[in-house]
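Colleague: Residue-level listing of the chains:
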Amino acid sequence: MSARAKLVEMTGIEKSFGPVDVLHGVDFELYENEVLALLGDNGAGKSTLIKILSGYHKPDAGQIRIGGKRVAFSSPHEARDSGIETIYQDLALFDNLDVAANVFAGKEKVGSGWRRLVGFVDGKAMRSEARDAVSQMAINIPRIDQEVGAFSGGQRQCVAMAKAVIWGRKVVIMDEPTAALGVRETGNVLNLIRTLKSHNLSVIVIMHNIEHVMEVAERAIVMRSGTRRGTIDLNGPKDRESHDKIIQMLM
Amino acid sequence: MVQKNLERLGDAGGLDLRRLLLSREVIVAAMIVIVGIAATIASPYFLTTANMKNVVIGMSIEMVVAIGLTIVLLSGGIDLSVGSVVALSAVVIALVFDAGASIPVAILAGLLSGLVVGLVNGALIAYVGLNPLITTLGTMTIFRSVVYILSGGYAMSSIPGGFKALANDAYFLGIPNLVLLTIVLVVIFHLFVWQNVWFRKFAFLGGSEMAALRAGIDIKRLKLAGYVICSVLAALGGAVVLARLGSAFPNTATGMELRVITAVIVGGCSIYGGRGTVLGSALGVLFLALINNVLVLNAVSVYWQGVASGCVLILAVLSDAIVNRGKRT
Numbered sequence: 001m002s003a004r005a006k007l008v009e010m011t012g013i014e015k016s017f018g019p020v021d022v023l024h025g026v027d028f029e030l031y032e033n034e035v036l037a038l039l040g041d042n043g044a045g046k047s048t049l050i051k052i053l054s055g056y057h058k059p060d061a062g063q064i065r066i067g068g069k070r071v072a073f074s075s076p077h078e079a080r081d082s083g084i085e086t087i088y089q090d091l092a093l094f095d096n097l098d099v100a101a102n103v104f105a106g107k108e109k110v111g112s113g114w115r116r117l118v119g120f121v122d123g124k125a126m127r128s129e130a131r132d133a134v135s136q137m138a139i140n141i142p143r144i145d146q147e148v149g150a151f152s153g154g155q156r157q158c159v160a161m162a163k164a165v166i167w168g169r170k171v172v173i174m175d176e177p178t179a180a181l182g183v184r185e186t187g188n189v190l191n192l193i194r195t196l197k198s199h200n201l202s203v204i205v206i207m208h209n210i211e212h213v214m215e216v217a218e219r220a221i222v223m224r225s226g227t228r229r230g231t232i233d234l235n236g237p238k239d240r241e242s243h244d245k246i247i248q249m250l251m
Numbered sequence: 001m002v003q004k005n006l007e008r009l010g011d012a013g014g015l016d017l018r019r020l021l022l023s024r025e026v027i028v029a030a031m032i033v034i035v036g037i038a039a040t041i042a043s044p045y046f047l048t049t050a051n052m053k054n055v056v057i058g059m060s061i062e063m064v065v066a067i068g069l070t071i072v073l074l075s076g077g078i079d080l081s082v083g084s085v086v087a088l089s090a091v092v093i094a095l096v097f098d099a100g101a102s103i104p105v106a107i108l109a110g111l112l113s114g115l116v117v118g119l120v121n122g123a124l125i126a127y128v129g130l131n132p133l134i135t136t137l138g139t140m141t142i143f144r145s146v147v148y149i150l151s152g153g154y155a156m157s158s159i160p161g162g163f164k165a166l167a168n169d170a171y172f173l174g175i176p177n178l179v180l181l182t183i184v185l186v187v188i189f190h191l192f193v194w195q196n197v198w199f200r201k202f203a204f205l206g207g208s209e210m211a212a213l214r215a216g217i218d219i220k221r222l223k224l225a226g227y228v229i230c231s232v233l234a235a236l237g238g239a240v241v242l243a244r245l246g247s248a249f250p251n252t253a254t255g256m257e258l259r260v261i262t263a264v265i266v267g268g269c270s271i272y273g274g275r276g277t278v279l280g281s282a283l284g285v286l287f288l289a290l291i292n293n294v295l296v297l298n299a300v301s302v303y304w305q306g307v308a309s310g311c312v313l314i315l316a317v318l319s320d321a322i323v324n325r326g327k328r329t
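Protein sequence lines, in the order shown, are assigned to chains A and B.
Position 16 of the first sequence, counted from 1, bears residue number 16 in our numbering, the numbering being contiguous throughout.
Position 21 of the second sequence, counted from 1, bears residue number 21 in our numbering, the numbering being contiguous throughout.
This is chain B alone, in the form it adopts within the complex (with noise of 0.2 angstroms):
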């Protein structure tokens, strides 16, 4: 009985290849290939070194928050108040360096106010138990609002050349450095949420509550952890819009946080939790911000880009639906 066991088990190190090719991340980098190939074929500018470069560099600030908000779902939760948290860290950096403060300083200071929303986010739902929808709902609109009266509604953008610079400047290959970071922080996280005793226990939080309690999982600390995290990466992001732009415009990253959820949902998270990665994730704001710049290449008009998401967003999890047919759940 033991040996036909062993046989039947198969070889633990061997790759299951097909479950392999339809996991999402393969799906949305052939996807990506494919618009890409059509995009090239119908626009003669969309393979230039100009317009890979605005997608990118437009799409960093998302996928970076994109990373924070993975961590979350896995998790089993939500976070609706990252497009705030962006625009509350430019509009903190921009104030500080108003106040003459220097450019560490200013950038920990926009981290700090990430760290503040992430700490009363995480203590609502971990340690209170609130709903994270509600929750995280809830403080979206008031440091929306803590951006407005923190800016007086205005624009501020006296802002130090040196830290636009610091984003915008090329060190290495003659890539942006915000698209750098992003670059880094992607394939760091994907690797520690991946193979990382610690950030895995996201994962088991958001497959069981019950069986993470059972198993020692801290789950309290580490849904807060969670939620700081997310909150943090945002602000992060928040600092990179700013030396992008140069400015802390109090609308910035306005419904930022249903596109990410939009992308990171296509790039393979489940909005119920315990399933995504953080490559699948990047994959996924890479694919929508194509789609949205092949529209815009072929003079779509850009009130159709919300059509075009939602399509693909639908898709991505009909596809989910016919894949995982017949298996239980």
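For reference, chain A alone in the conformation it holds in the complex (with noise of 0.2 angstroms):
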């Protein structure tokens, strides 16, 4: 494991809210092409050590690494440009438009000759380039041109993360990405997982289902009170070992 190259190294991260301390000297690692868990109860810290990555909150002390270069995000954007895409619960899909649309929202591609002018779309591009991707995925999309407002969850989830291989992310951050899915959605949803890593991305799922993490991940960070407990290498589902020590470094 060691032999891979960190993608993502966070060292002694600290985070406060006004009294409330959060994090207390975090390190977190995420290696090339590798599906990690990130476990722990409520209020671990799981979510705020997460939204520090995605640049959502500055961390109070504490260095980030991505690639071996030292980054400090101000905003959500300038992480994405550095090659991480948070999926969120809620998606942060727009149900009124199509696939193609969703995909490159707030960055559609212009059209060459005349239409670039009048600032016009190219929709026939951005149609194949997002039937492209998401064809590439372990889901159905029914039709390319069809409202995402129409879509089942796994569906939906298979639009957010085309968008994130498409603008070719480095990392895939997910959140409680099963929460709310059935037994054939959750299982939709896990293949598309393995699709993104497929694609030599670099995952973090924040997860409570333990079998779930154990189908999927290779590796789980455990979390507890705003410390890290530890780290496990995991080795498919079958792993009762590996499973048993997650279990108690929860408890």
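Just so you know, the hints here were simulated from the structure itself, not pulled from any lab data.
If a hint is listed, it holds; no wrong ones were tucked in.
Short derived list, chain A residues pointing at chain B, Cβ under 7 angstroms:
1) Phe94
2) Leu97
3) Ala105
FRET-style restraints, in silico, Cβ to Cβ:
4) A/Lys109 / B/Thr40: 40 to 48 angstroms
5) B/Ile271 / A/Val118: 23 to 31 angstroms
6) B/Ile271 / A/Gly12: 47 to 55 angstroms
Residues of chain B placed beyond 12 angstroms of chain A at every Cβ, according to the derived structure:
7) Ile27
8) Ala29
9) Ala39
10) Ile41
11) Leu95
12) Ala99
13) Gly100
14) Leu112
15) Leu115
16) Val128
17) Thr254
18) Asn298
19) Gln305
20) Ile322
C-beta atoms are modelled at their ideal positions from N, C-alpha and C, and glycine is treated no differently.
Could you fit the two chains together into a complex? Lean on the hints.
Modeller: Laid out in structure tokens, this is it:
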């Protein structure tokens, strides 16, 4: 494991909100092309740590390095420009628009020639790129020009992930991606996470369900009351030893 | 797996015929044709040049106002002050003419009055965060009052002939200029709202404010821009009203906001934002204008026009509910 390069490295991260100390000198590392699960009870500091990495909060102390280079994000956009895409629980999709518009939201492609003069979009190119991106995912999208409001939970996750793939992100952070889904949709989303890995991305998932973690993650970092309890390498869903270790750390 | 998915996605460029046929523009256009045919059978005066001209000229101003309202509704807002802005612009232009100004200066003054109202609406809604319905209800009342204060309650009729001619003459194919202006505006705004990178952001904003924010869209500035565009277009409508009628009446365009909102919703705009096209809204205005014309031609009292418009509105919303039943929203 240590042979792999560290893509993200956070050291000595501290954060407090007013009188409440949330993180006390937390270290965190994410290797290249790794699916990492971040575990911990409510209030353990997972969300705060992730929000620091995605640029929403500034740490009070500590360093963040991405690909060895030191960074300090002052906004989520800066984090995104450094290759870190965060998929929120609400997915931040536009239900009234189709897949292509959702994938390219805010950065739509302008056509060439006369279209450039009047700032018209290149709908054809966006649709075909969006189609390429979602067709590589392990889930079916009925029609690329359909409004995403009609999609199932898994299909919506797929659109949100396609965004990260198309924009060439290095890290995708997912906050409870399976929280509100049924059994079949959960399987679909776990497959989608594997697809992201096959695109050479690294994934950080926050999950409560340890069975899901065992199925999809290669490593877990467990947090407790604002500190890091430890990290465990996972070897698939049948790895009882690691499973029990996680439970122990969580207790 | 990948191959299978590609097949199931179908041709990205292909048209979904069923969806196209069920789009609001096509339905309203079909209704216009049906009403047109029925009216031609019912009245020999319907399909005459004079009547058609009346209908088209009569609805032109509402159509210009409808363009702006479409943008505001698309962005998830609403603007009740448009009728007051039409009157304000007309009175301001008349006053500037009274002061001896030239035509371009007078038109500019009218448009500026719209810009001011748009900035007030937009600043209060986007930057202070007030509710758009309440805010524009307030500015509607305020600026209607301002119209009465400025005009002293009298009609102002000292308008230069050149200004009136600007709207009423026909430079092209015998189409009155104000109608031509309306058509050009509808076409340009339709294309831009549909295809232009910046104008498309209104649909993103109306779809989900949070998602738009995360997509890096400056939602406050965009909201403000929407209200400004809407008010400036309404002010342009005021200039056209003044040129057509030759007088600025303080009660000009009273109740127009609700008539236009009715029309744009018939034309496919959603009151909840994120849905609507300029072409659809224009067709909605045309449809309601035709229905009113048919009623007048068949000697139905004008008091029935409200009943007709209201029924059309409810039928339109009802048909939406039926078409979209079973879909997730």
